[in-house]
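Trainee: Following the hints, position chains C, A and L against chain R.
There are 4 protein chains.
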Amino acid sequence: MAALFRGSRRLLQKRKDNVDLSTVCRSMASKTAVGFIGLGNMGIPMALNLLKSGYPIIATDAFPESGKELQDHGAQILDTPAEVAEKADRIFTMLPSSPNVIEAYTGANGILKKIKKGTLLIDSSTIDPSVAKEMALASEKMGAVFMDAPVSGGVGAASLAQLTFMVGGLEEEFTAAKELLGCMGANVLYCGQVGAGQAAKICNNMLLAIGMIGTAETMNLGIRLGLDPQLLAQVLNMSSGRCWSSDRYNPAPGVMEACPPPTTTWGFGTTLMAKDLGLAQIMATSTLTPIPLGSLAHQLYRTMCARGYANKDFSSVFQFLREEEGQ
Amino acid sequence: MAALFRGSRRLLQKRKDNVDLSTVCRSMASKTAVGFIGLGNMGIPMALNLLKSGYPIIATDAFPESGKELQDHGAQILDTPAEVAEKADRIFTMLPSSPNVIEAYTGANGILKKIKKGTLLIDSSTIDPSVAKEMALASEKMGAVFMDAPVSGGVGAASLAQLTFMVGGLEEEFTAAKELLGCMGANVLYCGQVGAGQAAKICNNMLLAIGMIGTAETMNLGIRLGLDPQLLAQVLNMSSGRCWSSDRYNPAPGVMEACPPPTTTWGFGTTLMAKDLGLAQIMATSTLTPIPLGSLAHQLYRTMCARGYANKDFSSVFQFLREEEGQ
Amino acid sequence: MAALFRGSRRLLQKRKDNVDLSTVCRSMASKTAVGFIGLGNMGIPMALNLLKSGYPIIATDAFPESGKELQDHGAQILDTPAEVAEKADRIFTMLPSSPNVIEAYTGANGILKKIKKGTLLIDSSTIDPSVAKEMALASEKMGAVFMDAPVSGGVGAASLAQLTFMVGGLEEEFTAAKELLGCMGANVLYCGQVGAGQAAKICNNMLLAIGMIGTAETMNLGIRLGLDPQLLAQVLNMSSGRCWSSDRYNPAPGVMEACPPPTTTWGFGTTLMAKDLGLAQIMATSTLTPIPLGSLAHQLYRTMCARGYANKDFSSVFQFLREEEGQ
Amino acid sequence: MAALFRGSRRLLQKRKDNVDLSTVCRSMASKTAVGFIGLGNMGIPMALNLLKSGYPIIATDAFPESGKELQDHGAQILDTPAEVAEKADRIFTMLPSSPNVIEAYTGANGILKKIKKGTLLIDSSTIDPSVAKEMALASEKMGAVFMDAPVSGGVGAASLAQLTFMVGGLEEEFTAAKELLGCMGANVLYCGQVGAGQAAKICNNMLLAIGMIGTAETMNLGIRLGLDPQLLAQVLNMSSGRCWSSDRYNPAPGVMEACPPPTTTWGFGTTLMAKDLGLAQIMATSTLTPIPLGSLAHQLYRTMCARGYANKDFSSVFQFLREEEGQ
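Residue numbers (the numbering used here), protein chains in the order written: chain R, 5 to 331; chain C, 5 to 331; chain A, 5 to 331; chain L, 5 to 331.
If we strip away everything but chain R, and leave its shape as in the complex, we get (with noise of 0.2 Å):
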């Protein structure tokens, strides 16, 4: 197997040579505007720790109206990626999914078309690393330098500057790239060449799945059996069954103090877990690797979209398995 973001030294000197320079500037360049593009969910808080910590913030969203609360707070809200470009030498997007980090980066008004010479450009959006690679390539050719920084965490976590970034790109840009992200979580960890942040973060997701619908299975089979959901899950989390969702976010009613959350808008939605599991699927199909149970959690998560899930937070596979009755 090809060591898919392992960079070879010559690729790495080559690339050096070209932003040399500008790393330097902006590095001198430091508490000048950032950029922010994709104003969601997660998007506004972390732009407003941003602006917390210093940074004048200079955004934009394909939605207008998304701008206000962070205008409100002193911030910059222009028309297109491509005016933020013009203004801002390092930029972050935090966008839904592959096409609109297609289009924020190469689309008509994308960032390419105005950016300046030895830009930093930091996508933390969850995207196929293959389309991470491509504008990586783009990005280059423009004198400007791509890293994926997917995170992990969920609205809480942004708002509480919490969130863990999985960080892909040139190891000699990652200190600047820290810079930043370290304003707007807690772990800001580097995997490798461009596109192992999303890996990192799409094999993360995975397990979580995994053990999520696992926690789900368990805690309802020791329900049925008449054991007590306290009980199963302190006996799980002192043993070999633990997991994340086990002892963080177990599933079964009363187990945890709001656990399941009751709406997507604090959790984590079974749309887009379902999403990742597609991407994780690609990447596990196009590398040949066999992942039973990664494969059979897309399935069931997609099955969950399908009868009515799509809106519910991950964690409601708990409810999916249960026998209608009892819930």
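Misleading hints may appear alongside valid ones.
Since the list gives no way to pick out one identical chain from another, each pair is judged satisfied if it fits inside one copy or across any two copies.
Pairs of lysine-lysine, DSS-like flavour, derived with a Cα cap of 30 Å [stated by the list, open to error]:
#: 1; residue 1: Lys182; residue 2: Lys117
#: 2; residue 1: Lys137; residue 2: Lys117
#: 3; residue 1: Lys117; residue 2: Lys145
#: 4; residue 1: Lys120; residue 2: Lys91
#: 5; residue 1: Lys145; residue 2: Lys35
Rather than coming from a laboratory, the hints here were simulated on the basis of the structure.
Just so it is clear, the structure is predicted and the values come from calculations on it, not from any experiment.
Mentor: Positioned in the frame of chain R, the structure of chains C, A and L alone reads:
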């Protein structure tokens, strides 16, 4: 769904009358001889720990030579479970599977042939909860008390008296059982009526199997995508993908020291895991509970047994899913 | 693997001595009364077909009113299986599941309480092969012969005497059984020793479930890709994708007339399919046989039962997997 | 869901104008030379059948020696697809996978470099339908017509001109395509717009894979339960378990003559099946379609490739699921 392990008050009352006096007797009889039936990899270190705590041991095994080591440490070795039952009023059984337990209790030379009224019987085997209930009923008819107390932790934990016991049976007998179980384990958890220990154990192992296969798939996929295995493990363990198999027993070579274990002497074998998942499957089928991932995990371990992995540690699912050339 | 249904010669010999004379008697007794226990959707048309063939019927059912229709056609209705056994020396049972069969044979008013030596007992219920073997043993002790003869074909085939019978039991009794089974079915297949009929039936239904879900997934995928459902069915049925569910019972609306059926009165219910798959699962678990697709099919039908599809035809898996909007 | 393969009337009209004249020309040009690109196990017998029907053949292959046999029968062998396109206005491609097709059409020496207006291009490779659509678009820009016509049937059917063709493309071109396809196959089915042939083919192969694994599981389970394999096959084939893999290609040894085939030269390899299931998976993921059994079938064939079954016939899943000792 009927709560299978929640005894009705009436039933508890009736049983209480039956055994009340003897309970008192046993409490006073502390440090009198304890019977131990089943001297395999687990049974021997468990019995040794009881000896160390000052309890005289009267033991037996289907293979007489198995008693040798224990005899050297001062235990008395007899020929049959019946003979042990004649001499001890607290008896442990630690046997490979349901048929062995049935034989040890109800066989021609079984415990119940010579059992004394008021004897406390504790079965630490992992068996079908319905067999546990049958044994409890048969014991009750002879005026004895049966509890199930399967363990989590393997040979290593058994040697270090670090086992976790999941206990099912009459709550008022739990104190007496705990006195002895505490000599062999670090955690002794009361789970409910007879069979509840087995139910909790099997639930745990089902989630363990799911977590292990999920971790193996995820590590394998990440490596194929070019991620460094140690870095990927670090990302998972800081994020929501974390589980016991990712942070304590990571199956990808090089991530943890001495993991996966070279042989099953130390670890937990594929065949045993397949057996436990078979029990989970039977319990789920009889309670009409959907367990899609648990069921697929069962099939994967069953397929591994068929493909030459029967005697390997259950973490070898990582190797099973890798491509031939990569091993 | 021991051949579970192949009787040893010695055993056959012994049994033969036991029943030889009575076999002769029954052969001469043709057109004498036949007992029928279990007058549900299947039992009534089956008993009516025996009546049409000239056999007097002596019947019973747990719900006395179930006998009304048969009585109108001249059958004698009694109160209990024991009373039927007193009057008939060839008796059919057609009951919902294992516990009903056990009760009908070994209950307080069961067949075996009043059975005559040499009676031929034929059970057409679908039950666990191990229960069939227990009933055979209990019958043998009373000098009677037990055969299992589960059916394939549903209520429609039962009415038209077009059922397929899969028969297990002593080969020398097959002729006597076939005489009666031939009045109710088009195919009567000898499968081996007692339990072999059940084994064959359950194997067939497992593959049926796999074929049905597979056809539903395939038709759904094709439709999503823009293919015309009738054209796709035609392609499959001319190619290697062909199966009974694609060419005889295609679950995609509009492909076949009257398929899927509007209610389960005509068809085969999801709950019954889940029950048969549960039996397949138990048999596979006890023989250590991997059945990955069979196992997942079981879980899907189990999940459907939990999600409101319990009373629908088993072909409704097509609807279950479609997106909500498309129904 | 948009109907991906149903062209709008407007689009059809536009395309019609584009190609109308040339269609007429081709019709008159019958028995003029036909181009053939890709001379592998399938391509050679297909091209030979065109030769037999009186069509001069102009062919090429990436491996020049592959053309030897065809040359001996009178075909002209050229160096590149571009050269073939210069001389023939009806061209077949029969290549292993998507990248080869892309290269043959759009590569430096590809067909489109020298294509004549009005040429009819027919691709019989099995590829991603989205690649088929890209090739169609690229061809249309050059004034040519592209159709996809993947086959079902293998090398044996190719030699006997017994293939089944599933055709996608402009309906008014179907007659011209059928004239040639009829020389190589027994069934030529029009499936819809470009890509529809691929979609139908992949749907069929997904159901084939499910049927084959299901049959293997069922035969294996039945044999373990003591049933005679030939009897079990007979029961299934008379009942609702029947499918192509049970009645035409039964994988259990001894049930059918010459089945399973000793090598993949004759059969359909595990690697190819895994590839087709990968395409099904990608199509299902992109259309948000749940395919639980199809997905697990994909994972099983992928695991088989990883475990030494890559070069075996796809029916070897029977051996894969059996226990080692039993083989």
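Trainee: I want to check one pair: Lys120 and Lys91. Are their C-alpha atoms no more than 30 Å apart within a copy, between two copies, both, or neither?
Mentor: Result: close within a single copy only, 9 Å intra versus 50 Å inter.
Trainee: Have a look at Lys137 and Lys117 and pick one of within, between, both or neither, based on CA distance no larger than 30 Å.
Mentor: both (18 Å within a copy, 29 Å between copies)
Trainee: Can you give me the call for Lys182 and Lys117, within, between, both or neither, at a CA distance of at most 30 Å?
Mentor: within (26 Å within a copy, 48 Å between copies)
Trainee: Please work out whether the CA atoms of Lys117 and Lys145 approach to 30 Å or closer within one copy, between two copies, in both situations, or in neither?
Mentor: Result: close both inside a copy and across copies, 12 Å intra and 27 Å inter.
Trainee: Reference check for the pair Lys145 and Lys35, CA-CA at most 30 Å: within, between, both, or neither?
Mentor: Within one copy, since 27 Å is at most 30 Å while 51 Å is not.
In the structure shown, no violation is registered for any of the earlier numbered hints.
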